[in-house]
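Chains as they are written, first to last, in this note's numbering: chain A, 1 to 89; chain B, 1 to 89; chain C, 1 to 237; chain D, 1 to 740.
Hints are computed from structural coordinates only; laboratory data are not their basis.
Among the hints, erroneous ones may be present.
Simulated restraints, written as ranges between beta carbons of each label pair [claimed, not checked]: (1) E736/D to A53/A: 51 to 57 Å; (2) E381/D to A31/B: 50 to 56 Å; (3) E123/C to A34/B: 45 to 51 Å; (4) E398/D to A53/A: 37 to 43 Å; (5) A53/A to T19/D: 52 to 58 Å; (6) E35/B to N541/D: 38 to 44 Å.
Model, not experiment: these values are computed from the prediction.
By construction, the Cβ of each residue, glycine as well, lies at the ideal position given by its N, Cα and C atoms.
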Amino acid sequence: MRVRVLVRLKPGILDVQGAAVKRALIGLGFAELAELRVGKVIEVELAAATPAAARARVEEMCRQLLANPVLEDYTIEMADDLAPRGASR
Amino acid sequence: MRVRVLVRLKPGILDVQGAAVKRALIGLGFAELAELRVGKVIEVELAAATPAAARARVEEMCRQLLANPVLEDYTIEMADDLAPRGASR
Amino acid sequence: MRFGVVVFPGTWSDCDFHYVISEVLHQPVKYVWHRERQLDDLDCVILPGGFSYGDYLRAGAVAGRSPVVEALRDFVAKGGVVLGSCNGFQILCEAGLLPGALMRNECLQYRCQSTHLVVESVETPFTRGLRPGQVLAMPISHGEGKYHADAETLAGLKARNQIVFRYAEADGRVTKAANPNGSLENIAGVANPEGTVLGLMPHPERAAEAAMGGADGLLLFHSLLGSLVEDGSFLKR
Amino acid sequence: MKGAEPKVTLDLARDSGLTADEYDRILARLGREPTFSELGLFSALWSEHCAYKHSRVFLSRLPTAGPRVLQGPGENAGALDIGDGWAVVFKIESHNHPSFIEPFQGAATGVGGILRDVFTMGARPIAILDSLRFGALDDPRTRHLVNGVVSGISWYGNCFGCPTVGGEIAFAPEYAGNPLVNVMCVGLVRADRLFRARAEGPGNPVFYVGNKTGRDGIHGATMASATFDGHAEERRPTVQVGDPFTEKLLLEACLEAMATGAVVGIQDMGAAGLACCTSEMPARCGTGMDVELSRVPQRETGMTPYEILLSESQERMLLVAARGREDEVRRVFAKWELDAVEIGRVTPGGDLVARLDGEVVARVPVEALTEAPKYTKPVAEPSELAGRRAFDPLTLPEPPDHGTALLRIVGSPTIASKEWAFRQYDHQVGINTLVLPGSDAAVLRVKGTRKALAVKTDGNGRHVFLDPRQGAAMAVAEAARNVSCSGGLPIGVTDCMNFGSPERPEILWQFAEAIEGIAAACRALDMPVVGGNVSFYNETNGQAILPTPVIGVVGLLEDASRRATQWFKAAGHRVALLGPDAVSLGGSEYLWTLHRRLAGRLAPLDLEAERRVQSAVRAAVAAGLATAAHDCSEGGVAVALAEACLTGRAPVGCEAALPAAARPDLTLFGEGPSRVVVSVEPARGREFEALMAESAIQWRWIGLTGGERLVLRVGARVVVDLALEQLESAWRNGFERHMA
Ligand SMILES: Nc1ncnc2c1ncn2[C@@H]1O[C@H](COP(=O)(O)OP(=O)(O)O)[C@@H](O)[C@H]1O
Ligand SMILES: [Mg+2]
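Given only the sequences and the hints, what does the whole structure look like? Please build it.
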């Protein structure tokens, strides 16, 4: 089963990467940019009986390792959620 | 408009970080883990007339800066694609 | 020869290169601000090490799109010579002035240590005074120095003799143990097909005085300045 | 927003960390109840961290004067004149608690803070040293902390571009719940171009420069603020995140702005942020300050005056410029793409006035804020200490094999090679580092002169625990001895005092004793203390850390080429042992590693002998007589000799006969101050002998270098005979294998 984890800095925590990339893009002429934040995406393939079981295990991975609770929040997305969307390239 | 960019190493390029995280998780008892890859998620808020226009501009950002074509692929996801899904936590 | 040392926000080897060029080599040198586009008064431009723009997205990514790097294309086309070390190498790759890319070290850690380089190509102004197979001692200091290129690019590099340095043992053998960062085929430095743009991860400016533990880095400059003799040792001018 | 501030009560004051008595003092000083923002100012500035309430009376015992002193304690960092128009600026600081909560960012921001302390003085940082203490390494939580802390230091220092050239890492279970992360920074400045944190000249503009302000690390008092609106979650103080790139820009911009002559004074916004700067800067020169908080660049929306004043966001400074020269300052910061916003003025009279959109939210005499109460709390020697000291290690059996014991000791994480850590640190940027990490003290040249600086930190918590006064004096002596072994004349000290809660008499006793020891050693070795830091409350669940003063010493080499390293260079050199014979297994690495005991007495410290040994070593190095010089510290002379054999590029063996003590294990592994191993080319043996005679110190030849083994004899008996290969593998892997 394929599961995607998005790990992002908590709101209020300084995003040095995001700030630097935003400044660089504005410098390159993307003046319409209002905000930009950078996080991690972790794509996991694992064996599980049901999607719910898979999600529970990934949740556990996040708690134990994938996210740093002091700084980061995480979101789990299942392949099913993701499949129908038409994403480019 | 909110747009999400996922930047990942191209298939075939060894993801050392992903391999290390995978090893660590298996060490923590997640034996069911088959694969794990780590990438970046860049969340952008920008002013644009239409979703298509926003996507085009973000595509341009990717080409100019956000991804390195030697190493990385990218996917662009619009907020509309993302909205209906029920993601936990 | 007139040297320019480029300064990006976050560059830190700029002062070190400036010092070596002016105090050790006694050549005219000036700093070049990253917004500069006018390089006509220079013969050699140096892109030094550091963390340009913090390297927060990818090493060298933002600097690779800066005005001075854009101006380098023209500078090179007119016969100018460019040396990128460490972050400078990353910037040249990001800008497409050199092929390939630099990724995170395979050990996933930063590495500051001494390395040995074996000279593979003497078809660049920086190595024309050296012998193929000559071994140079030069330190590295980077977190993203693993060179990557796809198979086709690699074949092209070999066909045009663009691989300039590989990490090696002190006796010149290219071994896995001598590879500090997991670079493809131990590649430590590459040049453009003309040889006028050289990028390398090691720091020649840190190996430019005996007091600092060795002066092999100076050989690149003496080669460039034409002050090398046959066997690779340099003449006192 | 202004109306929304809660009314201040005694309970609220207590929640902010003030005592009832302190609150009464505030009422008396103001003649009224403080506003909420004013309470925040007091709670921050009267905190132990800012006010040194419990330590100030003791710290006054330290010697701080000397002919080289350009700046003693009290400024962002101390400064010493090193001649040729140059001054060295240095300071050490702790970031223990933040590093426990978030090791990577905690350690990173620790580096950031101490760098700013040095460059606010106008100096360019040239070196960082990190002194780290952790719990036992077989605990996975410790490994997580070590990894996080080392990579945080690596990330910040490397990205900023200042070499990390030295430090220590030691392990003991007492640090498990409270690791220590102390960072020292050394910088150089023209002696006549020192800047200070002073708000001189009423009418002068006050600039905020650097990163924007967020709700980072706001004091515990913020908890109270959650009671007056419904956004508790949003308002929660957040962990400070470092931004070394912005710090690098801030360095360049500050030095460039200073060079224009338009800067009057400048201070780093560290602990207690804007509150601290806006009160301390005017308090130093009898002025006041009037600032408009809405002008402070902010990263988050809806920040209250309280939050703006107390935020500990990183990479920010407060700068007082000369009136009429504002544009020069703005131009420089604009070039480096940094915020530089005029937020107020220096005022006559002594008040800090903070406004939000013109309306006054705080009006307090700066003196009231900076003159916190000083306490003289009771001290008492811990009752169990006498018993521990009375233990005689020689009642334990001798190890069956001394070679095996030596292998265990060189392979203990505290002694083993720390290359795993320092190879992650750039130690060469700036091309000044003549002696890299891996020798006693790092040595950095001073470009444009013949001089060099030698730098080192030291501090043995076990020794201080058993005997705070002597243990602390020994830390000073050891750091200085390391500097002397490199060829440097120790010229000044910075100290970081890591202790438990000063409200416990036993802890305060440790502290008071340690200060006395440091003071005595500094006097004897003629080194002023020009700055430092006190970190109390290092305890978890009532378990305090080992009392750990970390001593940073800076030394001066008049001739950079006259320096020494700790490793043997070649076969056939004669080996000498300098210093007294007295050693002890009390509090030793041997006793801990082999018997897991922390007990016994320390060998005596004779400061006069220490001074003479150090001066003899320096003379030998300066005369080019010492081909290697290495001090004996943890693990005793056996470990010192092993390290001298192993740490060079190619290992060199050694055969030595050691002066017999009561037992071979005491001879080999006994620890005592003032001892140094030196190697000398045989042809220069006579000259060396003459020099030692002149120095009037105790010393003896003990052996010869060469071969591929370390062979140690006591009397006629060979007690250690090990292949270097075996020793090396134990030493190289002892720490690293845990981290793999
Ligand atoms: N955390 C660290 N960072 C940088 N260098 C370190 C660190 N820990 C140890 N070192 C270096 O390793 C060498 C040996 O350290 P240590 O055993 O503590 O020396 P000593 O016994 O002289 O105090 C020294 O050069 C020291 O600076
Ligand atoms: Mg030592």
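Next item on the list: Any hints from earlier that this structure breaks? Give me their numbers in increasing order, please.
Entry: 1, 4
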